[in-house]
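If you read the protein sequences in the order shown, they are chains W and U. Heads up: the first sequence at position 7 corresponds to 7 in the numbering used here, and the numbers run straight through without jumps. Heads up: the second sequence at position 116 corresponds to 116 in the numbering used here, and the numbers run straight through without jumps.
Read the hints as simulated data drawn from the structure, not as lab findings. Among these hints, one or two may not hold up.
Remember, identical chains collapse to one label, so a pair may be satisfied in a single copy or spanning two.
Heads up, simulated DSBU-like pairs for lysine-lysine below, C-alpha to C-alpha not over 35 Å straight-line [as the list claims (entries may be wrong)]:
hint : residue 1 : residue 2
1    : K15       : K233
2    : K181      : K11
3    : K181      : K125
4    : K29       : K39
5    : K270      : K15
2 protein chains.
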Amino acid sequence: MIHGHGGDNYKYRVKYDFSSNIVPAEFNKKLLTLISNLKFDFTHYPEPDASQLVRMFQNHYNLPANSTIALNGATEGIYLWAELFRGSRFLISFPSFSEYEDAAKRYGSQVIFCSLDKLEREILKCECIFLCNPNNPNGALLRKEDILKLIESYQDKYFFIDEAYMDLCLSNESLLNYVDKYRNIFILKSITKFFSIPGVRLGFLSFNPVHYERVLLYKYPWSINSCAIEIGKLIFSNFQEIKPNIDDYMRVVVEFYENLKSIKYLEVEKSSTNFFLCKSEMKSSSLKELLIREYKILIRDASNFRGLTDYHFRVSTQTPKANEELIKALCSILK
Amino acid sequence: MIHGHGGDNYKYRVKYDFSSNIVPAEFNKKLLTLISNLKFDFTHYPEPDASQLVRMFQNHYNLPANSTIALNGATEGIYLWAELFRGSRFLISFPSFSEYEDAAKRYGSQVIFCSLDKLEREILKCECIFLCNPNNPNGALLRKEDILKLIESYQDKYFFIDEAYMDLCLSNESLLNYVDKYRNIFILKSITKFFSIPGVRLGFLSFNPVHYERVLLYKYPWSINSCAIEIGKLIFSNFQEIKPNIDDYMRVVVEFYENLKSIKYLEVEKSSTNFFLCKSEMKSSSLKELLIREYKILIRDASNFRGLTDYHFRVSTQTPKANEELIKALCSILK
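The following block holds chain W by itself, in its conformation from the complex (with noise of 0.2 Å):
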């Protein structure tokens, strides 16, 4: 889906934007001041599987080798598991990111959508199952245990587990460090949400190498760009330092989530990270356009979910300041 996503705030002049789940740029300024003194030089080919950058991946998460390949932006990684399966039947929970329903069929394959509880179930008629941990757009997060349960009883079928916003979890339910023992998951990682530079187009996928030479078939050369690769490098060689400080911010986003719960005529599910799914009795694309219009506020209409109705929204907690303008407005529009 080329449209309709969340961080279209090129599109509206807005003075905050809570649309894309990304932590903001205010807890990763020693990330930003680094990049902004970066010389990039464009003047030569990058290396064609940006082959330097994923082994300091395999090395920062104690991966072995031919484990990974890097993305041009997480989405890559869920086309290319598409396509490594085309023909196989998909099964997707719902609600969840319509990526993979649009991967799935751009290879003609057949699609079952379930409910998250009728999963057990289902997966007796797929070969192949997307989840995403911890889900967008709810923010539900499914336990270690319980997927490794899964993954050990069908060992015939294909995982890919999103885990693109794990790191935004106080509990680390991460599978990425079991591709070693289990042939059958894939694990996408994201890493430009946590350090708030989606414009950077960054991702890897990591699986048992037994699949290394097949997957290698469906990646072109040169994907990753030259200033994605040093900033990939930038980070793994000085994560600890650079990393956002995730308490602080969890403790925003904890206040966030109480203080949303308290406005009066809106439903706010429970998250296991930085985003929140609300329903209101406004249809959310009116209330979407009012809190630009009047507010300078972007927010994410979620109607579009496979499952979600037209008064679902999607927010990500910004800082403290932006979470208090946005409460602000929803309590006097939704009253």
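Mind docking chain U on chain W? Use the hints.
Frame of chain W; chain U shown alone:
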């Protein structure tokens, strides 16, 4: 093919790189200075389809609306086209760029090969034709009139015309401005070779607007990152002032060709652009290793191009000083 291309200078510590067909950076100082002063903002998602940049491209080349998409490097366009017509029979003349074959085969399509002089006979066996004009690796240039004749004669067949090196010819045989008139041509355009910035990864695919909606189905969102979009905008906002002086460069090209031709035991093909296909009596893999080790010079071993031999290599024109070093080295090796 993720490996086995030119531009693999990241592997070797060389002084002069003749392996990739880009204009030397020395001819693009104006743009490179402007880029080094740019401040990139990575804290927001880029536009999912780089649509502002696409409009600037369409305006610059006087193309209709919905005739162009931006690409994460021209390579993305090769794979996208192969996917668009998957299941068709593809004709590829040899020698030519290896990604055409890799792209067609990735989608399970049948590929027919022929030398360029047999094209008209073989064309009846296929539905899609990859043309590279001027051709990589030998710089052969088809005249506009000759391609137009083909296009008009075979209106039920689709032509992919890779014009990545067209800006590096003194004669302009581009069909870019014919996409409005013909529905069966797709023109691939690279701007980063002309502007010495292959590390940016940015290309364009232009076609008749009737294909627009279908082409969009094969693009995943945000494939061009913020920095590639900004550099693209910078180029199309300042094209006339910053473009390299191609007349000066082409004088260096002609001189380089004359000097290459004067080397004993070296065959050099006539080329319409800045790179030359050569054949010596030494295996190219050995010649390449020797030039790296003894002279810190990198050439493109062309033995992996279909239709060529172990003795073929390719060199692209560098600065007069670098060219002189290569000529001297070849003279002392090939005697």
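Evaluated hints:
no. : hint        : verdict
1   : K15 / K233  : both (32 Å within a copy, 24 Å between copies)
2   : K181 / K11  : between (45 Å within a copy, 32 Å between copies)
3   : K181 / K125 : within (25 Å within a copy, 49 Å between copies)
4   : K29 / K39   : both (18 Å within a copy, 15 Å between copies)
5   : K270 / K15  : within (26 Å within a copy, 59 Å between copies)
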